[in-house]
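A.B. asks: As a plain string of letters, each chain reads:
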Amino acid sequence: MLNYISRRLVLLLIVVLGVTIMTFALMNLAPGDPAEMIAMARYGLENLTVEEVEHIRISEGLDAPVWIQYMHWLAHALRGDFGRSLVTGDPVLQEIIVRAPATLMLALASLIVSLLIAIPAGIISAAKQNSLLDYLARSGALLGASMPNFWLALLLILLFSVTLGWLPVFGYGELRHIILPAVTLGTGLAAVSTRLIRSSMLEVLEQDYITTARAKGLREGNIISRHAFKNAFIPVITVIGLQLGHLLEGTVIVESIFGWPGLGKLLVDSIFARDYALIQACVLLFAVFFVLINLLVDILYVYLDPRIRYEKKG
Amino acid sequence: MSVFKNKLTLIGMIIILLLLCAAIFAPVLTPHNPNTQCLSQALKGPCSDYPCGTDEFGRCIFSRIIYGARVSLAIGIAVTAVSAAIGVVLGMAAGYYGRAVDEIIMRIVDIFLAFPGLILALVVAGLLGPGIGNVMLALALVGWMGYARVVRGTVLAEKEKEYIETARSLGANDLYIMFRHLLPNVIAPVIIMASVGIGYAILAAAGLSFLGLGAQPPTAVWGSMLSDGKTYLQTAPHLTIFPGLAILVTVLAFNFLGDGLRDLLDPRLKDKAWNRG
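Residue numbers (this note's numbering), protein chains in the order written: chain A, 1 to 314; chain B, 1 to 277.
In case anyone wonders, no lab produced these hints; they're calculated from the structure.
Built from N, CA and C at the ideal position, the CB exists for glycine as well.
Among the hints, a few may not be true.
Sample of chain A residues with no beta-carbon within 12 Å of chain B, all distances over it, derived [as the list claims (entries may be wrong)]:
| hint | residue |
| --- | --- |
| 1 | H72 |
| 2 | A75 |
| 3 | A77 |
| 4 | V98 |
| 5 | L116 |
| 6 | P120 |
| 7 | R219 |
| 8 | S225 |
| 9 | D305 |
DMTMM-like mimics (lysine to aspartate or glutamate), calculated; alpha carbons at most 25 Å apart, straight line [as the list claims (entries may be wrong)]:
| hint | chain 1 | residue 1 | chain 2 | residue 2 |
| --- | --- | --- | --- | --- |
| 10 | B | K161 | B | D102 |
| 11 | B | K230 | A | D269 |
| 12 | A | K128 | B | D263 |
| 13 | B | K230 | A | D134 |
| 14 | A | K128 | A | D208 |
| 15 | B | K230 | B | E56 |
| 16 | B | K7 | A | E174 |
| 17 | A | K128 | A | E203 |
Construct the complete structure from the given sequences, taking the supplied hints into account.
C.D. replies: What follows is the structure, given as structure tokens:
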């Protein structure tokens, strides 16, 4: 197990180096002069002079070769110093720390929404296989998996904000603000989880110990809740882990639509502003978060199901 | 069960055929030029002249959706073809040569899988600058790993079989064995993955163009039509409803097709493809 964890941590290191090097290379391949962009962001288009651009080039270290710039950045990043936002001038780390709670809250709320839908839907769908409810759940899951989340967000706004006037479109801080973004992200996740819980439940319901439980005369509800669901839920844990990663992807678009002040919106804004220091830090953070979540899920998996061992490579 | 599935597969195929026809014959099928502005007709709801209404410039939404199908399908097919090609070549090399080659390629796969794909695509496309080409490049870059894994697995199982041994003893070289004997074995799973993959690529591309990457105005693209429409959500919801419906129906059709093909070509893979990555 320790061996496995250390291998994964090495992978984390490689991933972080890989994506940051790639981001760095892309920044330098991209059209446009970074120094000029920063100058434009700070002083506006009218007041732009060649001297100011050159001044920024030197003060931001943009005149050095790319790989020196990267080593310089890496050395600072390792000490927790991600530089300053090229646009606002604030420390990047501070900006990220300010934004992180919003994204974590949204991710958690979406996960809760998705499980509230997927667990009952998946169980009923499996317990009453081929019934009307099963078809409904499966059609819903198919629909949800193909639904563009940005469109769903707009439809929800159209219904609940514009037409009914029940919920606000923008805002942050109160419960009613998180409902629409969390439902948008949560239903997409629920589509995948429902399918998985269903097939996992179906598999477990065919096991001998379920037949035994039935033969003992246990009530069907009891069998499903106490014997089947516990075992069926183990693979679901993995998917929840994978989903957390995909939640990150979802937050990028959903946060932009709802003006949710989280990391996803920060990343999109920084890409459009070409705020290189901020982009680098976001990319690094997303990589660390994604790999750690997956590692955590794998460890949890072993803990929940003692039959699983990671000693041998798959 | 199978009736449900087969019907859906058929529906998926019909929708995809209709979409292809719409994309190919767009100039004949559209009532208006997709880029002609007619400000006196701006923001009209659906009517007999404009089946899906008009946008803020008085352009026909229906015509723009039809032309948008060209862009969407082109992106979906091109991205998937490139991803699949990369995946097949690398997966086959990993499975066939084994040892160091296998180790290196599969570790690269791990690295790519250890980062959320859409975010990587967003960063790549965003930094390279807006444009369809950059979006396609970014999506292909993050889409090949699944193919590589499946192809490697299949090749690993297949290369030990006797006919490969026979081919080798008859003097066939590695490339010949890979492309003549091993490739046919991987075609079925690759096609299944590709049909779902096209839908996924269309969805991802729409998301990126919704954010403002992808094709630039005035090109009609579903994703950017949606993001233009959200300004007028209050007064003209048809700007939002119809392009979104087009994306949903298209992605749904490719998912139906993928599901059906999976059952048809490889019953063992059932439900496995949902565990993406």
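A.B. asks: Run every hint past the structure and note whether it holds.
C.D. replies: Hint check results:
1. For H72/A, the non-interface assignment is confirmed: its Cβ lies about 19 Å from the closest Cβ of chain B, beyond the 12 Å cut-off.
2. Listed as outside the interface, A75/A is consistent with that label: its C-beta sits roughly 22 Å from the nearest C-beta of chain B, beyond the 12 Å cut-off.
3. Distance to chain B confirms A77/A as a non-interface residue, since its nearest Cβ pair spans about 17 Å, more than 12 Å.
4. Against the 12 Å criterion, V98/A stays outside the reach of chain B, whose nearest CB is about 20 Å from its own CB.
5. Even its closest Cβ contact with chain B, about 20 Å, leaves L116/A beyond 12 Å, as expected for a residue assigned away from the interface.
6. Every CB of chain B lies more than 12 Å from the CB of P120/A, the least distance being 19 Å, so the non-interface label holds.
7. With a least CB separation of 27 Å from chain B, R219/A remains clear of the 12 Å interface cut-off, as annotated.
8. A cut-off of 12 Å between C-beta atoms confirms that S225/A is not in contact with chain B; the least separation is 23 Å.
9. With a least beta-carbon separation of about 16 Å from chain B, D305/A lies farther than 12 Å from that chain, consistent with its non-interface assignment.
10. Distance check on the hinted pair: K161/B and D102/B sit about 19 Å apart at the alpha-carbon level, within 25 Å; holds.
11. Between K230/B and D269/A the CA atoms are separated by roughly 18 Å; this keeps the pair inside 25 Å, and the hint holds.
12. For the hint pairing K128/A with D263/B, the CA-to-CA distance comes to about 22 Å; that is within 25 Å, so the pair holds.
13. The straight-line distance between the Cα atoms of K230/B and D134/A is roughly 35 Å, outside the 25 Å bound, and the hint therefore fails.
14. For the suggested pair K128/A and D208/A, the alpha carbons sit about 19 Å apart, so the restraint of at most 25 Å is met.
15. Proximity of K230/B to E56/B is assessed by CA-CA distance (about 11 Å); at most 25 Å being required, the pair is judged to hold.
16. Between K7/B and E174/A the CA atoms are separated by roughly 46 Å; this puts the pair beyond 25 Å, and the hint is violated.
17. Taking the CA atoms of K128/A and E203/A, the gap is near 14 Å; set against the 25 Å cutoff, the hint holds.
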